[in-house]
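**Student:** As a plain string of letters, each chain reads:
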Amino acid sequence: MTLTVTDLTIARGGMPVLAGVSFTLMAGHALILRGPNGVGKTTLLRTIAGLQPALGGQVTGAEDQIAYAAHSDGLKAMLSVRENLIFWAEVFGQTDIAPALVAFDLCDLADRLAGTLSAGQKRRLGLARLLVTGRPIWVLDEPTVSLDVASVEMFGTAVRAHLKQGGMALIATHIDLGLLDAKVLDVSPFIARREVPLGSSDEAFL
Amino acid sequence: MKALLIRDIRLAVRAGGGFGLGLAFFLIVVVMVPFAVGANSELLSRIAPGVLWIGALLACLLSLDRLLALDFEDGTLDLLATAPLPVEAALSIKALAHWITTGLPLVFAAPVLGVLMNLPLQGYGWLVLSLLLGTPALSVIGTFGAALTVGIKRGGLLLSLLVLPLYVPTLIFGAEAARRGATGADVSTPLLLMAGISAATVALMPFASAAVLRVNLR
Amino acid sequence: MSLWEYANPVKFLRLSERVLPVLWVLAISSVVVGLVWGFFFTPDDIRQGSTVKIIYIHVPAALMAINAWFMMLVASLIWLIRRHHVSALAAKAAAPVGVVMTLIALITGAIWGQPMWGTWWAWDPRLTSFLILFLFYLGYIALWEAIEDSDTAADLTSVLCLVGSVFAVLSRYAVNFWNQGLHQGTSVPVTTGQRSVADVFFVPLVVSMIGFGLLFLALVLYRTGTEIRIRRTKALLAREGRN
Chain A
1 MTLTVTDLTI ARGGMPVLAG VSFTLMAGHA LILRGPNGVG KTTLLRTIAG
51 LQPALGGQVT GAEDQIAYAA HSDGLKAMLS VRENLIFWAE VFGQTDIAPA
101 LVAFDLCDLA DRLAGTLSAG QKRRLGLARL LVTGRPIWVL DEPTVSLDVA
151 SVEMFGTAVR AHLKQGGMAL IATHIDLGLL DAKVLDVSPF IARREVPLGS
201 SDEAFL
Chain B
1 MKALLIRDIR LAVRAGGGFG LGLAFFLIVV VMVPFAVGAN SELLSRIAPG
51 VLWIGALLAC LLSLDRLLAL DFEDGTLDLL ATAPLPVEAA LSIKALAHWI
101 TTGLPLVFAA PVLGVLMNLP LQGYGWLVLS LLLGTPALSV IGTFGAALTV
151 GIKRGGLLLS LLVLPLYVPT LIFGAEAARR GATGADVSTP LLLMAGISAA
201 TVALMPFASA AVLRVNLR
Chain C
1 MSLWEYANPV KFLRLSERVL PVLWVLAISS VVVGLVWGFF FTPDDIRQGS
51 TVKIIYIHVP AALMAINAWF MMLVASLIWL IRRHHVSALA AKAAAPVGVV
101 MTLIALITGA IWGQPMWGTW WAWDPRLTSF LILFLFYLGY IALWEAIEDS
151 DTAADLTSVL CLVGSVFAVL SRYAVNFWNQ GLHQGTSVPV TTGQRSVADV
201 FFVPLVVSMI GFGLLFLALV LYRTGTEIRI RRTKALLARE GRN
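Chains as they are written, first to last, in this note's numbering: chain A, 1 to 206; chain B, 1 to 218; chain C, 1 to 243.
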């Protein structure tokens, strides 16, 4: 199984931000996206996850394979940690949430309401959600925001375990996750130049 | 799908906004009416079916802007869009949850409020039946409105402006059925027409709702 | 040469610039001719007296109120299916014209209804339907205004227009069922050919209707042109603003 991105052009607010992005991600590997703020990493990840249409190019191998996690985790403050995880597990057709609780050290918190957790604990719950989806490709946007050193370590371990089982990870991050053999892709060279046509919507008016 | 239904109902119950608020609003609207039109029991019993229908409709409308907006803000809709569940199904389930937490309690509360409004005895059955058949349409049409306005800050007022004209046929047939029931006339025509509208909207509206929600998530 | 070529904004602008002057002249002259003829050169009605003359505004406005919505429906469909921007913008441009026509029909109807029925407003099916149509117009325009991204707005309003059309038709039947009305039958039935107005009134009425139709066309073309220029300015600014 492979995730292939070919000559992808993406737009934010109708304006092309990155053009000609191409890479291949094989099973068992991780790819770290880097680049300055506002360069379009989030937009790229959303496009690959199928949440917004690309201006051009192709993404293959992503259909129904992606577990996406961004800044907001889709957690409900009025549900307990366990209920939140069970909900997402069932939506993705899974049942077992125990490994996810263990991997992110949430067992003691399992019956607390998600609204009473600290920011870092919430983040861990949001990441634990990835484990209960059963999806092979993790697409993560700044996953370590508000995590302490120990939790980042925990997250790195979870990603490594996921990769060992043949999973993949596509991560936009600025810090070192301890993924030694992960490839790094700097997206700055792909910044869309002026020659790149505007989105189909505006191009018609010029 | 069951998971989403259970979660939505659980959230509505725990957050206190679902069951409680809609019902309380229904009660207050109905109680306000005699203050406005006078305590003449003959007049009240004549307008009772219409007042109860309007009250139920407004109570339904009240909770619509929370139906999708909360899930939009915390990213749940994004994540649901990448899940194996089709958006159409997810929205149908959410509409069902809205009906169970808002529409259904109204149906049960209506006879009690009917007493306050001097509803003639023969009208109770038809009032409950018309609400039972009509409120699903209100929830499904409301979901469409919620999906249209989900990306708009302070979309609540706009939501009402968009949804209320769409409620007109349901309201006309529903209130007419309840009114005819109360006066002992034949209710079958308006009741059947409203049931038809309900069935058609429940079957078709989720497609329109999903189409606009996809646009809004883009 | 296909009709769809005019879906290109620039081509559309060039065409509308050539057509509009002629269209304005035709529209204004036939409205003026129709109204002056109707007001000053037709006899008073036996029963309704001179109040009947409001028909020369009321009927054409009511006709265009419905036709404008119908045009928006077609334009919305074209946008959803073929993604022609001009089509979406034309629908946007038509809505305020349609809402004004609806308002004119409602107000002239009230003015006519006062001496005839003895009331400014009755919950007659036709009046009620127009009021509901007015609400649909308001919702549609409000949705356009509320959304910043114009393609998103075009998509959402188009779906609203489709769904709204279905519910508008439903409401029409529901309202008919709900209250039998006072309103006289349609003045110009297309299908039966049986007219309820005599020729002396009918000919200026037709002239006036043609005038309102042309006026609607001219206004929509003009407003669509404005919308296109706004979009074009935005696109040019966006291109300049890029690094």
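One should not assume that every hint holds.
[What the hints assert, rightly or not] Some chain B residues close to chain C (C-beta under 10 Å, calculated; not the full set):
hint, residue
1, L171
2, I172
3, P190
4, L193
[Stated by the list, open to error] The calculated DSS-like cross-link candidates involving lysine-lysine, where the alpha carbons are at most 30 Å apart (straight line), are:
hint, chain 1, residue 1, chain 2, residue 2
5, B, K153, A, K122
6, B, K153, C, K53
7, A, K122, B, K2
8, A, K122, A, K183
Worth flagging that the hints you see were computed from the coordinates, not collected in a lab.
Every residue gets a Cβ at the ideal spot worked out from N, C-alpha and C, and that includes glycine.
**Student:** Each hint: holds or not?
**Tutor:** Hints versus structure:
1. L171: With Cβ-Cβ at 9 Å, under 10 Å, it holds.
2. I172: It holds, given that the least Cβ distance between B:I172 and chain C is near 4 Å, below 10 Å.
3. P190: 7 Å, holds
4. L193: 7 Å, holds
5. B:K153 <-> A:K122: It holds: about 26 Å lies between the C-alpha atoms, which stays within 30 Å.
6. B:K153 <-> C:K53: This hinted pair is violated, its Cα atoms lying about 48 Å apart.
7. A:K122 <-> B:K2: 25 Å, holds
8. A:K122 <-> A:K183: Holds: A:K122 and A:K183 sit about 28 Å apart, inside 30 Å.
When held up to the earlier numbered hints, the structure conflicts with hint 6 and nothing else.
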